[in-house]
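Peer 1: Chains as they are written, first to last, in the working numbering: chain B, 45 to 392; chain E, 45 to 392; chain C, -2 to 615; chain G, -2 to 615.
Each hint should be verified, as a subset may be incorrect.
To be verified - Sample of chain C residues facing chain E (criterion: CB under 7 Å; computed from the structure):
| # | residue |
| --- | --- |
| 1 | 36 |
| 2 | 202 |
| 3 | 235 |
| 4 | 325 |
| 5 | 329 |
| 6 | 466 |
| 7 | 471 |
Stated by the list, open to error - Below, simulated DSS-like cross-link-like pairs (lysine-lysine); rule was C-alpha separation at most 30 Å, straight line:
| # | chain 1 | residue 1 | chain 2 | residue 2 |
| --- | --- | --- | --- | --- |
| 8 | C | 193 | B | 187 |
| 9 | G | 159 | E | 262 |
| 10 | G | 201 | G | 159 |
These aren't lab readings, by the way, just hints derived from the structure by calculation.
Beta carbons are placed, not taken as given, at the ideal position from N, Cα and C, and that holds for glycine.
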Amino acid sequence: MTTEARYTRADFQTDQEVRWCPGCGDYTILASVQNFMADLGVDREKIVFVSGIGCAARFPYYMNTYGLHAIHGRAPAIASGLAVARPELSVWVVSGDGDSMSIGGNHLIHALRRNINLKILVFNNQIYGLTKGQYSPTSEMGKRTKSSPAGSIDFPFNPVSLALGAEATFVARTIDMDRTHTTEILKQAYQHRGSAFVEIYQNCNVFNDKAFAALTGKDERDQNRINLVHGEKVLFGPDRERGVIIDGGTARIVDVADAGIDAIHTHDATAPSAGPAYALSRLSHGPFGPTPVGVFRAVDRPVYEETLQQQIHDAQAKRGPGDLAELIASAGTWTVPDHDERELPAHS
Amino acid sequence: MTTEARYTRADFQTDQEVRWCPGCGDYTILASVQNFMADLGVDREKIVFVSGIGCAARFPYYMNTYGLHAIHGRAPAIASGLAVARPELSVWVVSGDGDSMSIGGNHLIHALRRNINLKILVFNNQIYGLTKGQYSPTSEMGKRTKSSPAGSIDFPFNPVSLALGAEATFVARTIDMDRTHTTEILKQAYQHRGSAFVEIYQNCNVFNDKAFAALTGKDERDQNRINLVHGEKVLFGPDRERGVIIDGGTARIVDVADAGIDAIHTHDATAPSAGPAYALSRLSHGPFGPTPVGVFRAVDRPVYEETLQQQIHDAQAKRGPGDLAELIASAGTWTVPDHDERELPAHS
Amino acid sequence: MSEAPTIDNQEAEQVHAVAIRFAGDSGDGMQLAGARFTDASAIFGNDLSTLANFPAEIRAPAGTLPGVSSFQVHIADRDILTPGDQPDVLVAMNPAALKANIADLAPAGIIIVNTDAFDERNLTRAGYATSPIEDGSLDAYRVLKVPMEDLTKRALEGSGVKGRDALRSKNFFAVGLMTWMFQRPLEPTLEWIASKFAKEPDIKAANELAFRAGFNLGETTEMFRHTYRVEPARLPAGTYTNVTGNQALAWGIMAAGQAARLPVFYASYPITPASDILHELARHRNFGVRTFQAEDEIAAAGAALGASFAGHLGVTGTSGPGLALKSETISLALMTELPLLIIDVQRGGPSTGLPTKTEQADLLMAMYGRHGESPLPIVAISTPADAFEAVIEAARIAIKYMTPVILLSDGYIGTSTEPWRLPDLAALPDISVPFAIAPNGPEATFLPYLRDAKTQARPWAVPGTPGLEHRLGGLEKDGTGNVSYAPDNHERMTLLREGKVKGIAADIPDVLVDADEGAEVLVLGWGSSYGAILAGVRRVRAAGKKVARIHLRHLNPFPANLGAVLAGYRRILVPELNRGQLVRMVRSEFLVDAISYPKVQGQPFKAAEIEAKLLEII
Amino acid sequence: MSEAPTIDNQEAEQVHAVAIRFAGDSGDGMQLAGARFTDASAIFGNDLSTLANFPAEIRAPAGTLPGVSSFQVHIADRDILTPGDQPDVLVAMNPAALKANIADLAPAGIIIVNTDAFDERNLTRAGYATSPIEDGSLDAYRVLKVPMEDLTKRALEGSGVKGRDALRSKNFFAVGLMTWMFQRPLEPTLEWIASKFAKEPDIKAANELAFRAGFNLGETTEMFRHTYRVEPARLPAGTYTNVTGNQALAWGIMAAGQAARLPVFYASYPITPASDILHELARHRNFGVRTFQAEDEIAAAGAALGASFAGHLGVTGTSGPGLALKSETISLALMTELPLLIIDVQRGGPSTGLPTKTEQADLLMAMYGRHGESPLPIVAISTPADAFEAVIEAARIAIKYMTPVILLSDGYIGTSTEPWRLPDLAALPDISVPFAIAPNGPEATFLPYLRDAKTQARPWAVPGTPGLEHRLGGLEKDGTGNVSYAPDNHERMTLLREGKVKGIAADIPDVLVDADEGAEVLVLGWGSSYGAILAGVRRVRAAGKKVARIHLRHLNPFPANLGAVLAGYRRILVPELNRGQLVRMVRSEFLVDAISYPKVQGQPFKAAEIEAKLLEII
Ligand SMILES: Cc1ncc(C[n+]2csc(CCOP(=O)(O)OP(=O)(O)O)c2C)c(N)n1
Ligand SMILES: Cc1ncc(C[n+]2csc(CCOP(=O)(O)OP(=O)(O)O)c2C)c(N)n1
Ligand code: SF4
Ligand code: SF4
Ligand SMILES: [Mg+2]
Ligand SMILES: [Mg+2]
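Put together the whole structure using the sequences plus the hints.
Peer 2: So, in structure tokens, the structure goes:
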């Protein structure tokens, strides 16, 4: 990351009027990302934002970088092609919970397992915003929406668990309202080599207002927000009086006074096993109670496009850069000598 | 499950010639399933096998039940409609690793989270058999195949982890060759209310022979096979001298002599948290070393179609069975009195 | 006021038809206002037609052009066919609403503006340098200036509802005003308010007060001394309701289930403008309707197909991008010969295109958008109310012929409304087909591809039926249902599938030609252009010209007599909201030099366009 | 032996052409045998054409009919066009192979049977009650009985290779026998064995021994005293190789990358019969080719599109079911106006259909299989070798016009072979188009939809280019690239997209008519029926009739002169391996009463079929 302040937020704004509903959490995330990009100082032209369809997916129009507002659910696939073709670019995917985990679920999990260098930001508002309020794969059971007037009967995904089940090398969660935290997570995602999955709790004030009140409400957030910090004990509560232990694979919340500080889990995002991260992800399924935010997991694994580049490099080192004429002839040839050529019809 | 021996295996065989390659693990699984069905004694006509495309997916043709050999990857979606429409049927999905986790990955994870009463058998041979030997999403890194002559650079899924990340309520693994174990797992899957995900390691002797040698080879299996038994300590090895502990979310293999038997993890498939099951799934990614087989997880959660049925029931109890005429009139009507009607063109 | 009224006496002036457009910011409740006015007009007895125009998919900031929402209602004392080419009256709640809609207003039309919204900020947002209501730019219109916000607030004084909340009632103020101006009864609106807000007495009171204040303003102010009267239409006697196409479609699906004696299974993935079908059906669990919100369109088609295999009426609804995704699964339905109803509420394309706008550009995809030879029947809906019957017809074909059927609707049909004489449900056709329950082959075997001699349909044997266990699949099979790669068999099966669909021509009505004696020009239409074409044709006739008209419900196969009918005309005009799709089918099929009249603007045809085009070629 | 040779002298008899089919169980190595014989013939200098016939997707148990695999090679002393309608010689390694292929054999043809396989078990498996080689049922043919297994085993005695392993070499025994019978040189096969099995000396020795044993049996046995000689063909001078269509296509993609000066990015999901393109390209990392095995076809199209946006030559290959799945993404490519090359190696449909068989039934899906108005160019391949040039042409159009292009191949082209005169790579056309590198709008802005005046293409500005940051997307946009829902704009953009594709007609060659003076009947073909049509036409001409012939490479847009050309003929015959798809396009476009000659049997046309049909209508 360069440090010179080449850019300001304005450099990343476009002339397009931002058209989210007033009060939408997407505005806050946009501001965080634009500021982050300005601070990051990466050449603007090397940055590409790819999105699917949804309110969140409007994002590229508002970023003065290269951008592609694609089709519903397919952003990870398209971005994969982009990143594999041009590893030197910084490729970001912006997606909603429906875009990434409903129609786009397959592309998401495959991009994660391949560890392609994509930064995948999922604005999870637990609703379909753009199509005006149907439940999404992250909506809680029983939720009444236009398409579930009797209450949703679909058990929701836990995006962090899903990503961990799909072999993601970097998994984090943050909240639209907390711009400092969002920025920190963006920075770590950027620095990670490979796919980074970032779930951002995002308030849709029109169709699912206050879904994240447990983490943003004045009264609740102190009780519920569990900050995961690499290398530190997992403590939370107004006086850090509560903590998380992981016991036989199950994470549980305890009073530090009862359990003793030594028993409290020390968070290691780089642990080779994804087990602890997964255990932490099970603490809440919602979030309707104590919920961890921060980087769950950040481990090294070969990056798809780098390995591909290496294969190209190795093949060239071994076989040279390739001669097409030679290749075509390689299956065996024969020569017809010059003679009184008949006119043969060309293969049209 | 009824106990009367109404059926024999032959009752579940069809007149279609079985057309897998001689020696293919699919034969063994077919035999196990046919025998299991005969013992189960469920009315044959209430059983439906749905598959996608692949060698494995040929399965329905060989089962004398109702069957649908559908299209690549879509079996879980089609089976979902079938099961939700007719909860009294016993619906089985048969799929390969490519069918279920490559093109069909999204339908798989959504069927699992919804907990639809499907028994999903994935014949994992870590290769695309039907299309003659490309690597699959479960093939190991570096694998050389027709489509990866320089070695695969895709990090594979761990199917058990993936299912657990997708909120599956029942997750198990077994091996084609071990018919007793397969039968036991089928029985438990059948008894489970909701989606059951069963990974069956299946040898493709043509394109990926001996992929599971670590678990089937005479010399290796004793060293590597970890049988998960609900309520029992996780011990393995020729003399059960090795065991698994789960420590801060990470499962590890230890010598019982070193760790002490008390430290060894006692397997609880019904644990409310999926954490321990996930931790166990991380023990091997392949399987190229000690690998657990058995039921990782089996927990209760409302079954999608039962809840839907309940909603119908509740709505009828509250609002009656529904009168269409009343419904149509409910938005407000007005009456045009009889008069000297002009001829109006009908809306064609 | 298609003939614009002269506004010069104090008496209620009688007009035959008038089109009013309510326009405002998305937050101003214009859809609701329009719907209330529409209902009152319906109950009063007018014929009517409406058109809603929503902002595109993103909620734009208040006061901006992209945020404008409008609702147009055409009321008349005779049967009408379109929401009106040009509104006669425009209610503009803010500058953006005025700017976005003024171009459509009829010459010398009436504009009622909410002057309170014409402040500096809103003018700038709408891109006005000076206020159009002050700078003389609206001189060609009759502008009535009403400080609606102020008046609403004052009306609500003492009601307990204040400030921003009070302002929310201003749409009812506007409805009240229009109610006076067009001499509508007050009761329907008051009753609606009373029942809708029964549990929120404050809001109920506020809306009532605003509504009455609007009405009273009309009654008491000089400015509104002119009122208009549109007599009840002489519609066929009966009980009517006002429906959108999506609503009629949802109810039609439920009716089809009853007529077929099958449970309904509707699987869908939300997409504009088809989502409302899902929403409507999801409300009716008590009817036993199963809705399944799938993870994507492929899964939706798959689940519906699974339900069809299970013996349900499997239905899946979507719009263009979703239909593209469903292609492969539809092809499986075709190969397994299972009934599957696919609804496409078409919108502007290609790609994401114009999600909230209408178009008829998916016809050729419906016809040919599958690999291999995969013919299937196509049925099209003509008007909102027509959706009810059309879907029953589509279901009839699907079940009787064991085939997927594509039913084409569009955004205009889906979201606009018309009065609908309540159907006689007792008289619904019986479209049921008995499931197979007994073996049909030698030695008590079941041959799933043994065909009905007449329909060529194979039997529908559902899981749970003892003795009929069988396997279906997407590979080519022979007559017994077993997989076969034999060359001759493939040709035979291909011809059978083709012939089965072609044969349906014998089971659908011949086209009716609405023809003037001696007409040489024929207009051939399909789908939602029904109203505009008929209205255009009427005008042409009124101008003394002869013309013939056909409107197709069945697009594949064509009605048996279509070719012969077409051969009888010198010129055939095919207006379509696409670049000429039906015209291609007709030209290729009948080798007639039919002329395409294409329009791709995301907007329905206007009667005037059809009229003009016809006058040009007759 | 199109004119079947009389077998009555001991000298090598000269024939002009002969078609030989090697048939056996999938495990018998018949593809390899055929390929060896083919190569030897190629090196000898014959013109040739081959056709492989694999068992359908599942490996059937040994000895059964579904397990039969065959390879037909047609060799000639003149240019030939098809693998032969009927083989003159059938090598049958077991009863199933005999049974599955006997119906195709030419009257009085030669059958060479491996008698060792005609035991009870194999006869039963093949469904023979009695042995056809004993019961007289083959009396109409000349049957040569050879105990190939026994002879192979004996030949290998002492070689170290024994038992079942020894039997594996029996295909080389068969090749040896044929090599003698048709007087082929031994060296090519011996060299191939030597290099292929260099690391497995035992196998090398075994195959050599078996091969020689087969040859020697011919030389020494009475039974084979008749040999045939097919002189080298007088092909145009040059160096030749023998290619399958999939191979030539893969190499053509690499050549297109070079000609366009773009890196190649090929994304695909395996599917028969297209997978071999992926396999071939994956082998060439050293050329910088990137292959991406995607999770499904949608992702493959998406990744290729992403690569196109990035400035690569984005290519995605598939077969019918996969093309159906890619529709929505292709529509996005069309809307964003990015070059994307989509290859469809067509197979029998609908649904999973006949995965290993050929068909041309995806043309209308390529043309219309997308929602909304979404025209794109379509190019078709005619022969295996032609794939090389066709794909370069398709890439040229995609890049120059910034559009997705569909390239149609089929299973027959993909898997059959023909000799190909090595292209002069130095003479490849330069199809490169410079990327945009500088602003093109006012005030140094970049307008991504500002079009080239001539081609109507928008500029291709790739990420990484400073100052040209821009956003593309699937919503309708105006000329500046900003989203627009304005009615007029949508019509304008729709017409622009349509016009751009139509305009390509000016940039492709006029159709060449291969016409006899005064011919009144024209055959219009496309794709892989090239060879059969031309051969059929030659026969008709040989019979003294006049006929004209057009073979289309460009199916959308049509060449500019096509309409005028067609107008010049009394009858137009359109043979297609479908139920009449091109014919529908032509009828609708030109209103000519073209006649469809459809065939849907999963098999290519035979020259005789074309001949017969032409003779019927001339
Ligand atoms: C193929 C396809 N199917 C459906 C849609 C309709 N659609 C657009 S966005 C969306 C879901 C949006 O939800 P989410 O991804 O959570 O984004 P949000 O709007 O909440 O930010 C849907 C169903 C579409 N555009 N394309
Ligand atoms: C839409 C579509 N894409 C691709 C294919 C080709 N295809 C058939 S089966 C298969 C993969 C089979 O692998 P797997 O699911 O692991 O099954 P196996 O054959 O190994 O049992 C593929 C790619 C297809 N039939 N349909
Ligand atoms: S609908 Fe919800 S998510 Fe979409 S812009 Fe509005 S507030 Fe934001
Ligand atoms: S290819 Fe492999 S998986 Fe398929 S039938 Fe043969 S051995 Fe079994
Ligand atoms: Mg959302
Ligand atoms: Mg497999």
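Peer 1: If a hint holds in the structure, say so; if it does not, say that too.
Peer 2: Tested hints:
1. Of the supplied interface hints, the one on residue 36(C) holds, with its beta-carbon coming within about 6 Å of a beta-carbon of chain E, less than 7 Å.
2. Interface hint at residue 202(C): violated, since its Cβ lies 22 Å from the closest Cβ of chain E, which is beyond the 7 Å cut-off.
3. The beta carbon of residue 235(C) is positioned within 7 Å of a beta carbon in chain E (closest approach about 6 Å), and the interface hint is therefore held.
4. Of the supplied interface hints, the one on residue 325(C) holds, with its beta-carbon coming within about 6 Å of a beta-carbon of chain E, less than 7 Å.
5. Taken as an interface hint, residue 329(C) checks out: its beta carbon lies about 5 Å from the nearest beta carbon of chain E, inside 7 Å.
6. Nearest Cβ of chain E to the Cβ of residue 466(C): about 5 Å, under the 7 Å cut. The hint holds.
7. The restraint placing residue 471(C) at the interface with chain E holds, with a minimum CB-CB distance near 5 Å, inside the 7 Å limit.
8. For the hint pairing residue 193(C) with residue 187(B), the CA-to-CA distance comes to about 23 Å; that is within 30 Å, so the pair holds.
9. Between residue 159(G) and residue 262(E) the CA atoms are separated by roughly 27 Å; this keeps the pair inside 30 Å, and the hint holds.
10. The suggested pairing of residue 201(G) with residue 159(G) holds, with an alpha-carbon distance near 14 Å, which does not exceed 30 Å.
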